[in-house]
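With the hints as a guide, dock the two chains, each given alone in a separate frame, to form the complex.
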Amino acid sequence: MIMSENGFEEGVVDKFIGEHHHDDRIDVETEISSRESFVLLVRCLKLLYAVRWLFTAKFLLRLCAFLPGLLLPWLAKIVIDNVLLQKSFSENENPYPPFMHPIINFLDGMTPLEIMFTITAGYFIGLIFIGARTGGELYVGTYGNTLTGQDEASAAENKISNGHTESGGILGVIEYWVTVRLSQRLADNVRTRLFARLTRLPMAVLSEKRTGDSIYRVLYDTSNIPLAVTDSTFHIFYALLGSFISMYLIGYSYSVSAEEIVWIAWSVLPLVFILTFPAAKLMRRINQTKRSAGSATTNAMEETVDNIDAVQSLGGMQQETEKFAMRSLESYFRERVSLLVGGALFIGAAIAVLSVCGIVFVMVTNSIIKGDMSAGDFGVIFIIFWGIAGGAIELGGFWLAVQNKMAPARRIFFFIDYESDDDHSGGDQLETIARGVEVYHVDYDYPDGRRALTDITLDLPVGQTVALVGPSGAGKTSLAYLLPGFLKPTHGHVRIDGKDVSDLDIDSVRSHIAYVFQEHLLLAESIRDNLRLAKPQATDEEIEAALTMAGCMSFIDEMPDGIDTVLGRSGSTLSVGQQQRLCIARGLIRDAKILILDEPTAALDPESENLLFESLEQIARDRLLIVVAHRLSTIQRADKIVFLEDGRIREQGTHTELMNTADGHYRRYVGIIESDD
Amino acid sequence: MVSCAAGPCSNDKKIMSTTEVDLSDIPPVSLRRVWQLTLKAWPFMRPLVKHLLILGGFILFMTLVLAGVALVGTDLFNNKILVGDKLQPLQAVVLFVDDSYVGSDIEDNVNLKDTLTAEQRGVVRDRFMIWIVMLCLLFIPMGAALIYYNIWIWQMINQNLRVAMMTKAEHLSLNFHAQSRVGDAIFRIYKDSSTITSLVQEAIIGPVTGIYFILVGLAFVAFFDPRVAVAVIFIFIPMIFLTAWLTPLIRYRALENRVANSDLTSRLQETMKALRVVKANQGERRILDRFHADSQRALDAALFLRLMIVVLNVVVATSAAVLLLVTEYLVVGWVLEERETFMGAAVVTIIGYAIWNMGAFQDFRGRLTSSTYTAGSLITRWALLQDLFIGLERAFYLLDLKADIVDPEYPLGFPTPIKSVEWRDAYYAYQQEQPVLAGVNLRAEVGSITAIIGSSGAGKSTLMSLLLRLYDPDDGQISINNTDLRDLRIEDIRSNTAIALQKNVLFAGTVADNIGYATKNASRKEIEEAARIACADQFIAELESGYDTELGERGGKLSTGQRQRVSLARAIVRNTPILILDEPTASLDAETELAVMRNLGEWGTDKIVFLITHRLPTIRNADQIVFLEHGKVIEAGSHENLVENDGRYSKFLAASQVSALSLVSHDYE
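Those sequence lines, one after another, are chains H and V. Each step along the first sequence adds one to the number in our numbering, with nothing skipped, and position 368 is 368. Each step along the second sequence adds one to the number in our numbering, with nothing skipped, and position 356 is 356.
For reference, chain V alone in the conformation it holds in the complex (with noise of 0.2 angstroms):
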């Protein structure tokens, strides 16, 4: 399972666990894959669309709102109020004063004595602060507003992903869930998936930005210099270089510290289930143990991730910071001798920098810093993206798994009134070499029950699997009257099939929850019938609320045998044509067991009913008993023919009775 992490995985029916990262499991980076990584998570944001665009006008809008008040709030600030210099004529219009305030001739904005009063300094002053608070009063809610509307968008775009990835999990086949751990899905739908709420940003507009503020910030600094815009360019190759060699290197981290991570989740998931287990095993030290190393390895995997992005940072920012200081040393010696700006005499009369001054200076080195340091950020947001991609990777891995019990393309309608079901020559095998069912035949008919009997491990269980469609057999076929399963609609065959499991699995919720649980609206009537036929009236009467009893995570109020005949009642309720009872009284007693198969024997009598069962008494009153030995039917027939056969079964029957007897001889000893 986490061999192939990310990437896709063999066919192979059987997917070990290992916890070492291969770096050839690494998925390759190449423009075509993200371009493809980029289109699965299109549809997940496809219903957003409306929002993003509403929301990126709203940025758009504010932005360029902002940075026009930036302007003229720079300038009024700066040389009006501070300085004193007068107004432009629209400064004065917006700050609603008279024309004294304006500057007799605009052209000469030099002229330092027309100036303002001290008195209209402290009008514009207080104007240009009305103007700020107005401001604020409206962007910072108007901004607030949006930041909240941008989480939710991307919290509803992730929101789709996780339940696309829960629903795909859901419908994965019991083979794949055999190999994989909870925790890791656990991890790949919270963490895993989360990357895509980066995905626009950080791949798309963040880069396309980067580069136009990279270009803009470089032809400034050509026209200052274009050596020097030369010289940034050269630095950044070795840059480069380094980020590229680099890259599988991180890829790699990234790819560990999911791993480890979800390893942890796992570990954790694993050990919290089976507390009991450890505690009466004494195993808490070791089980600490185990957790401690997990826990170190993700930690150590985060770190070195994360140090490696840092490393990487650093060595691209010193570079870039040399590379300033340099130019700074020189740009301050041509300061001083008052050199000229490269295309400065073109321009001359726009701005005043045809030389070297301290005006050019800071402005030079404002826009070389901004580019350099843009670059920089650019490199360490590949680095990020490489750790975006592989978490991708791993949720779209999960997306992309092929479910391999799916429906036809044309299903046949699902046959009624249901008249038999037949296993004919099924093969099945969970690991190639050690098949679980070798050729079964078998036939049911309505209104019988049939009662399959064998070791365990002989295949009872996985038979009655293939019944539901939750494996498809090797070879040969299950079919209801005569339809093969795999023409019809999965939906259609578990709706009309209940099954009381043998493993007693209780959801949070309520008794009645519980019992309706796989009955759509299934009313309270309905669930206190099934209840009474499962022999579960009784007690649940004696919960401390009833049918409203709220039952824990694993049914923990319930005893075992209680929580059998809940999961019985869940069966009963749906009342469907077929009834699959896996061991349906192994846990009671023999007296509600009796109880139970009679209620079943007066209720079934139109279904076609199967129990798996080693108990004699439940065994006698089927109509047709199958013995099933290494995956194939030895024997088959009603308990008088079976006895009169004096074959397997018979030796069974000695058994069970050959137990008993010798219990009485110990008695006696």
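Next comes chain H alone, as it looks inside the complex (with noise of 0.2 angstroms):
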């Protein structure tokens, strides 16, 4: 299970930090330089712009809390001299801050009692309005995260949905609302447009992307992005303005010796950098890991749902379920790496910042024991040096921190960035195709370097039906695929009318041409909707049509509900025959110019083949169908014959043609099938 790859050493070390990937196979070098780091932090900046307003409308709510905020330790204080202990304003040893002197004129005067009552009154409007005072000292906040476990994934969603703010009352709703609102914003804009990303990936990666890595990336990764912005500008910006107006107040009221805890304060800035900064990597790193073994127990267990059929029949269960707890173990562990190594950063950082405390400690304790300041000023002093310290603390701690939020963000642009149909849109459109297609000497490989198809030329007219015949594994589903850019040759072209496929707009030409899929796949709503799929406009007399061609009627008019059946996982309520002339029909709704049927009938009866055949040849006269066949019945029907072998064209014609070549290819492949017959 763990293995190291680049020819380290295995030792203790690599152990730990695990494999980068788990059974990912397309994803595969996670390592990422600090610069890459940095570049995958502005560009989840770059996502602030579509959320501009609520950005700022959050930025200003919280001001409207932060401000009045500043007023409460003063009023605490007033409490405390002026009221209980009676003192008169003009007795206090310290100045109070400038935006404090009109609260003082306006209190000036007043008994103590009546103080109290206007004291009790403004903090009975800051309580109703930013929720001043309610718990605590000052604020608790408002915070509305649900329970969740000790993983990542059920951790998204308090992650995604994440409003804790620290006013309360009605503004606290309010800001809880719109933070909440500016997390989701976020989140789901990534997630929506990883998804639209992967849903056009190109057709010769498809098998190698997994769906539970694909559910753990839309899902859970995009999770951590609304925090790796707020986490960058919001929470730095108002640490640092903490900071700012403490010293501020430290330079206005105790001037005397705040210059020494201003300095030792911000020390703690460049100490908690050194001591985090040469970890970052290590933690994406370990974070990575960690990311990679959710995937792979998300794969594990989406793969033994999914195809429960095949694991029970084939006895299965049991070693589907060690797989799994293995996996989910794995991922617990992983999990409980990236704490232990975030822990201990933290504990070293949490040392470090302690010493700093401890110096100010004795400076402080040394002025009071010598009699420089009064014990009532070492609470102050503290509260100061915190104050600013925080700040410091946030921002040299920042680069760290940030860290765990690239690993998922390069997973997410790692998909976003990767090649794309839509890297093949945008070229000219075709609007209608009137001659044909021409493959010209085509060669294509796989990704893997195994050849496929070899110096295929090909000419394919319109109004022809054509067979593409040959032993399995010979290239015939690569050749068709070749037709609406599912595949792009690796040498030669395939021109549409004169025109290379690779200078269309990819949709426009995918939009003539059907493509029924050897295997058959049907989503899990009503033979309606799995029609539409295909074409969303289609009528009901359209449906009708494109299912009695295909021959569905006789069944669908057996079900209660008809045509608005909803269709088991898969269709798995359906029998592989009925569910594949589904397939058909809902390739022949779409009414496009060139039909490819891949293998249409392998799961029929020869009398439903006969049917079908006979209702494609009424519509075949104005259109290239293509079908790829093992049947002789069904290829003897063609106009057209390719037979194919070892991705290479070995002969082409008519059937009869075929047959009249001495030794040809075809005539040895029907003898076959005929001397069994």
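I should point out that these hints are in silico values taken from the structure, not numbers from a laboratory. All clues given are correct.
If you only want the chain V side, here are some residues facing chain H, beta carbon under 8 angstroms, derived: (1) W152; (2) S194; (3) L303; (4) A321; (5) S456; (6) L468; (7) Q502; (8) E544.
Note that the Cβ used here is the ideal one computed from N, Cα and C, for glycine as well.
Below is the structure:
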């Protein structure tokens, strides 16, 4: 399970860091440099543009609670000094900051009870509007996260809908609402974009793309984006604002010995940074490992449940359980490793900060023992020290903290950047297909380098029915995939009406081609919706016509809900032959100029097959119909038969022509079928 | 499926998926139900109970030590270092300082003249710091280790639950799976099951300690002024009513949120699986719109659940704070008029709070704040618990489902050697109104090949599923050597039966893994031999790493015909007495098909072989041909017999040939 890939010695450290891709086959180079990490952060920040109004609103709402919040410690001081201890305002040893002056002037001259009443009234207003003094001494904030488990997947929802605010009252609810929406919009924008890109992945990589991994990326990785964005803007800003205000206050009210405190507090910044920066790479790496382990667990789960019929009939339940259990354990372990490393770094930084605290402690107590400061000053100085150091710690540890979010960001942007069909849009529009398709000296190699097609030259005019024939593995499906641009030729050209497919807008090409696959994939929706996937605006008449032509009405009529029957998962309530006919109907409804049927009748009985081809003949006159087939009955109907072997065209012509070729490949092929018939 | 997301479902075979959440589906909240759920969660915690106790012990120990340290430390710091009072004898002992640091008259702490010198204060300060550093060195790693330990324990508990749910999902009948969504299983196993990790802390420890703190706090408050304590209770009565009123709504939102997120997961899984079809049909836009709509629905549900909790929170916190403000104002008045506290006079010898003063004010306010805050957080916890229990309900819903196909209580031994397999009056319907099998009678003997033919939808695959006990017949029986399958262990039946499925499912793994998937300990030699029989050896040899080539999730590197042969080899390698081949050669070319059938014929002489097929060459070689139509056997016999009969089979033969003939004429047009 745990293997080191790049020839590193397989030591304890490697085991601890773990494998960087568990069972992923596309995204295998997961290492990122600091520079790439920075670029990713900038890309995350660009996502802010789409939510700029929400962000501004959140920013201002926070300010609305932040500014009045500055008054609170001073009001508390007034209650103690001027109400309980009944001092007068003129007896105050340390000056109030300027923003307190209007309030002091207002309160000056009142009796203690009157002051208390006024302040209580002020508190009351603050309470209702910004939730001042709910709970603890100042605020407790507004917090609505639900309970989660000790794993990334279950924590995702709280990260996406994260709305922790520091205010309460009416403003708290509004700010909470805005914050959740801001966070949700950020996550939703990026996950919808990732989803859209995944649906546009080129056909050649689809078989390598694992469904569980897609789920993990779209649902769980994207949940970290809002945090990445708000951590690096909002939190930094308010932490620094807090620091500067503390500095201002210390300068104003406690000018004595304040300068040293300020310097010491700021020294925390480089200290934390130097301590945490070298660990950034480790942190990214560990987070990647954790995520790929999570993906692998999701893959195991998804594959088992999705193929449950195979698992049960092959008796593979126990082995699937073991696989899932092992991967789930591994992913839990990776979660803990991530926590452990994060925790160790946190403790390291905390010890550093505490040492600095110790220095301040010694300094202040020295002054107190000497009598330069009063005992009461201790608390004040420490509060102010923390006010400044808080921002410094935030900024110093920022780079490390953001790494945990750059690991998922990399996984998201990897597929957003991955080659996609969109890269081929924007070319010339293909209005219609008048003449047909020419395949010109085409070679095609699989991504792993194996040769699939060699020097294919073919003329496929509209109006013909062409059968692609040959032993399995000969390259028939690969050849058919070239036409709608599912595969791009390695060499040579595919031209439609003389225009190279690679120069055309890929969507406009596909809008003229209907492709029916060998595997029958139906969505768990109604029959009507399954057909509407191919043609959203299809009328009921069109749907029925297509279903009739594909021979589906005989079994649909028996269903109580007719075409509104909702299919089970993958159409599993239907027999395979019925699924196949529905897929053909879905191909037919598009009314496309080119219709490609890949083994359309493999699961059909001969009678259904006859009916199907009789109806196909009606529509094939002004279309190009390409059929990949093994059955003689199907093959013989074609105007042209193309015989493929080992990725090359061996022969082409009509059935009669090819049968007349002595020693021909096709003839031998048919001979095998007929000798047995 | 979704409509009974968390509650008991009707036994109807047909469980339709809807996306609306019905309020009546929300499981009832009652102490009884909560207790039941906790009991159900217990088996998953039991294996770790030792660790939980150790953890609890350590936490208790640390809490006590830290409380002691805090008590002594605060006094040392505030009164001795900052102010300069003399030390208590015990403090002098732990700081290793001589008697000159200790106050001469311990009773008389107020004697301000008896203070530490500046030098002594420095010494006390330094030794105090050494203690703090030492305690940090001890407790920080210990605390971190305990956090890690805690997480490990709860992860393992969650792991137990996850694995149990997964096992259950694997054993539920295909009927269940046909109607449920893959994404829903993923959501339940990940998200719903994780609620178990908060159960003990949030549902038991949290409320108990919370109530304890409130009571102690209120007693303290009552000691100063019982009217305030009564006021606290009074202000929380409407809060409790408000919470009770909101509870069903919160539960509704919680369920809606979970259902919406589960649907989103399902949508994503279904789309990602069917991407090729989406692409071929240019459904990307439509699929994206739907994803977006589902995503929005999930986000809205998450927001509204949270808003509900937050509003409740804010109302409770604000009301409590109003009470605090009013009390604070009144108490300040009492301090100013130096009024007597309620019980103060009784304990004046211990604490100097006989009259309201600043210390009393601060202490009183602290206690009052913390008890109202705890009470408020209990209400929040209550709201969160609603979500927790909805999640647990959903997790246990899956576990509580009764598998319809179970082992008999007293299974019979599997009959060996197998002589015959028989279907007697077998009826089966996926949906009540549409029987798929309507009284099938069929018998197959060892050493024979039975071909099952018929139009698609005639019930051929279902017939075979009954032999594997993937479903049980609604009526009639299936037997091996005249023993009803329902009297045998499912494990025994399936380990004696191999099937090559019509859908060529491959699993992620190597070619060899895939062939050996269902056979424990299959040797490489056996795998290669099976591949040879299935005519897969040649193309496998040409793959980059031969038998060790990794196959994609859906086996995408292979052509359909190649995949079919791998799945054939998978059935062959098991070498079981019963072999079922469901359309084994549909995607094979004629040459390969012939070779495969020839190999199978040689290999399978001591087995009972069933073939589902449409292809004549394969059919003709069978010992017995069974023609299935509308769920009934309408003809059975050898090829020659059936041709003589001139019945349905003859027509079928004619159809196969007509298609060939009509084509020849088409060519000459």
